[in-house]
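J.: Here is how the chains run, residue by residue.
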Amino acid sequence: MKTLALKISTRLAILAGVLLVVSAGVFFLIHLLPGNPAYAILGPGATPYAVAKITKQLGLDKPLLTQYVTWLGRMLQGNLGTSYITNQSVSSAIGHALPVDIELVILSQIISFAIAVPLAMAAAQRPGGLIDRAATAMSLGGLSLPAFVVGVPLVLIFAVVIHLFPATGYTPLLSNPVSNLHDMILPSITLAIGSIAIYFRLLRGDLIATLKEDFVSLARSKGLTRRQIMYRHVLRPSTFSLMTATAINVGSLIGGAVVVEYLFDLPGMGLLLVNSIYARDYLMAQGVILTLAALFVLVNFLVDILYHIVDPRVRNA
Amino acid sequence: MKNTPTRSTVTSKDNYLRSIPRTSGVSRDSVGQGDPTKQSENKITKHAPQAPGFSHGNDTCLPTFDRRRFLGIAAGVGAIGIGGPLLLSSCSSSHSSSVAKPLDHAVSTLPPKRGGHLTIGIDSEQAGFNPTSSPWSASGVMYARALFDPLTIVMADGSIQPYLAQSLTPNPDYTVWTITMRPGVTFHDGTPCDAGAVAYNIETFRESLDFSVFTTNIKRVKTTGELTLDIEMNEPWVAFPAQLTGAVGAQLGWIAAPSMLKAKNGASNPVGTGPFRFVEWIPNDHMKATRNTSYWRKGMPYLDSIEYKPIPSSASRSASLRSGVLGLMHTDTTAVIVTYQHNPGYSYIDDAHSTIGEPDVNFIMLNTKSAPFNDIRVRQALAYATDTSRMNTVVANSLPELATGPFFPGSKYYSPTGYPSYDPAKATQLIKEVEHETGKTVSFSLAATAANTTESEIGQLWQSMWQSVGMKVTLEFYDEATLIQNAISGKYQADNWTQFAAPDPDCNWPFWHSPSFANFTGNNDPELNSYLHIGRTNPDPAARAEAYQNVAKRFAVDLPYIWTNRGLWAIIGRPNVMNFGNPTSPSGGKALALEGGVIWPTQIWLQ
Chain Y
1 MKTLALKIST RLAILAGVLL VVSAGVFFLI HLLPGNPAYA ILGPGATPYA
51 VAKITKQLGL DKPLLTQYVT WLGRMLQGNL GTSYITNQSV SSAIGHALPV
101 DIELVILSQI ISFAIAVPLA MAAAQRPGGL IDRAATAMSL GGLSLPAFVV
151 GVPLVLIFAV VIHLFPATGY TPLLSNPVSN LHDMILPSIT LAIGSIAIYF
201 RLLRGDLIAT LKEDFVSLAR SKGLTRRQIM YRHVLRPSTF SLMTATAINV
251 GSLIGGAVVV EYLFDLPGMG LLLVNSIYAR DYLMAQGVIL TLAALFVLVN
301 FLVDILYHIV DPRVRNA
Chain R
1 MKNTPTRSTV TSKDNYLRSI PRTSGVSRDS VGQGDPTKQS ENKITKHAPQ
51 APGFSHGNDT CLPTFDRRRF LGIAAGVGAI GIGGPLLLSS CSSSHSSSVA
101 KPLDHAVSTL PPKRGGHLTI GIDSEQAGFN PTSSPWSASG VMYARALFDP
151 LTIVMADGSI QPYLAQSLTP NPDYTVWTIT MRPGVTFHDG TPCDAGAVAY
201 NIETFRESLD FSVFTTNIKR VKTTGELTLD IEMNEPWVAF PAQLTGAVGA
251 QLGWIAAPSM LKAKNGASNP VGTGPFRFVE WIPNDHMKAT RNTSYWRKGM
301 PYLDSIEYKP IPSSASRSAS LRSGVLGLMH TDTTAVIVTY QHNPGYSYID
351 DAHSTIGEPD VNFIMLNTKS APFNDIRVRQ ALAYATDTSR MNTVVANSLP
401 ELATGPFFPG SKYYSPTGYP SYDPAKATQL IKEVEHETGK TVSFSLAATA
451 ANTTESEIGQ LWQSMWQSVG MKVTLEFYDE ATLIQNAISG KYQADNWTQF
501 AAPDPDCNWP FWHSPSFANF TGNNDPELNS YLHIGRTNPD PAARAEAYQN
551 VAKRFAVDLP YIWTNRGLWA IIGRPNVMNF GNPTSPSGGK ALALEGGVIW
601 PTQIWLQ
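Residue numbers (our numbering), protein chains in the order written: chain Y, 1 to 317; chain R, 1 to 607.
Hints should not be assumed to be uniformly reliable.
To be verified - Partner residues aside, some chain R positions facing chain Y, computed with beta carbon under 10 Å:
{"no.": "1", "residue": "133"}
{"no.": "2", "residue": "282"}
{"no.": "3", "residue": "283"}
{"no.": "4", "residue": "312"}
If you're looking for bench data, these hints aren't it; they were derived computationally from the structure. All C-beta atoms in this analysis are idealised placements derived from N, C-alpha and C, irrespective of residue type, glycine included.
With the hints as extra help, turn the sequences into a complete structure.
T.: This is how it looks when you write it as structure tokens:
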């Protein structure tokens, strides 16, 4: 337990270091973008005087390092600043956008696991069998299809023709859970298609490999049923690749589901980031990227902890 | 910068650059629905020129579904990136288009019903609600018409009438305009909307860093009574009432509560006199407002509440309308427009043939201050080498009219301009002449937004045309902020651009007159300036019309713009959404239904 606590502390320290590096990287990279937020704010009536005045008001005339230190100082106090464009607090904007992505990712992962895991187990029981061949072919299709190609027919069938789900829109979970779920079904399925394919292929491969292990033969010789062997002895040691892939996938999807957000008009982190970059809304973009980076690192950190819990070999290493 | 847009940024300034076209489809039903109160009225003693009238939007409808149309739809749909459902729905709806008409609920003579909630899909988010500091696109003006009221309104016949103001009266030489406000009108916070409030708005606007360039002709604002104020001009300003209509590019007319303008977070907490009171704004998600029960136009609005949802993708907006998420939407994407023009399941209006004021125009903007376009021969060659008809067919479903200037047939400002017609042989000859003289290949870059694939298609089309006559053309794609910044700072050679919709051509003074920071082309033509001056100062409508006809002719000589086609906006409604194309003035006159993609929410009701 003490070792685990030490490892957690170490990882947290690394996490903080990573975030510091990310914050600096993001800050300087985003300022390399051509364009000045003053023009985005002022529009076509921008005069040189107005541009200069806005630039000074925003503090963009100061050296980049000074701007970074100022921003970092405020950020460490929990103040991510205010949008140049909408005057909305960056924290507030993230507070609205982040739950959308978190929910989207959770729902899509639930759907992915609910389909991929049983399918992989059925396919692994009889490699080369009908289920395996069919599922493998479908997973190839799932991997090849971008989200917008999947989402478009879903919208057409379930929103436009059948009117079962809305084509766009988002109701906050706490505002109306039923309506929220109703809104999120199609985007979650769209996002899940790719994950299902990845998870199925990974888990199927690992299950087939595990099924060839000696301890599985021993279990068979002891007269355990296929079901018992699969659930008690094979599934757990076959999930490490799946966990790693899930961690990377989840981290990528939070903020990376921009196409799905665009298609279904979900006010998530991806769109917030894209919009803020287009508008040269530096503070908003920095805040969003920093949050996404923190989440990515955090998810991977949690999976590392999960390894300790699931696998005694890691725990005792 | 084109108007086929699937863009989402909160600073869609290309939309802002559009001013105000007008509508046509509203004339389907000539019976207006006046304000029940018919308040005492209200005249602008001398106002901006009258337009000859307007025609049906249906005139542009394609009668059959053929291969060309299918390919056009496919091209347009491909341009918006996520076209599968749209393509399918386009095909199905278009099939019936040869015999079908859209519903006529846009103009209803039925007695209005009160109540209900309407959600309207708009194409972009805005930076905020402060009319004196947030340049608005069409979507922003949609918001504004729910929350605020403008001082004047554009009528269906093109005249400008008082709206929030009770009257506007000029002195004999149009150097002073006296605005008289309506008694008893209050902002949503209960404060009076009097002369002091209007003066504060105009002064704040004049001092605004965003808008000062548009108000250089205002010399002084003086409150002369509780409800009256004088606006003193540097020189006569005949078309001043048009500047107060609140249209895209004419934002001076919106009146906000001074308390809102003074508040630090006022831009996100709007307080106006409008038909709806602000409830909530989640940027890039929605803006909700509820009925203003003490609205000064008695009995209006009819809806209990209204919600605007920015959905940048035209295809997603269309799917949302079809699935019932939206009750109304606007679009300027021709690939979407063709799916509703003849669709009997929806109501539809567009501004395809509107002749009021000036429509949006698509064009290639040239920097005349630097090579190679500082040479008139290269600009002429570009005009000769540009086959706009082909572009219109390939990219715009042949829906919009081709442009030879900023005005179109039917407008009193239009007359044949002498703009060069497509002649690649002449273009080749001119380019050879320039190359022979300079010893260099004529080369330049064409910049466009990276926001959608249509921009790329158009760019490639132009590139192939221009290279075929001997020019070397590089395509550059930028986000909108960079494109606009480059235009303002003169760091461009040729830009794909959309602009100029306005209730009166005078609204485009800052963009056409020289010197002006907003004259992005750098075109400096004293003769053009003199015509603009006549348009601004001469009260004779015939003289003004002739002046702007001459402006268009000077453009055909100077060629700072290579005109392509007109911008096109449409509003589509579900069957239960009534009367969205039938706004009225406070005196009950018929107002212009569709201006630059914007409609009035006041008269809409749900069945």
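J.: Of the numbered hints stated earlier in the document, which are not met by this structure?
T.: none
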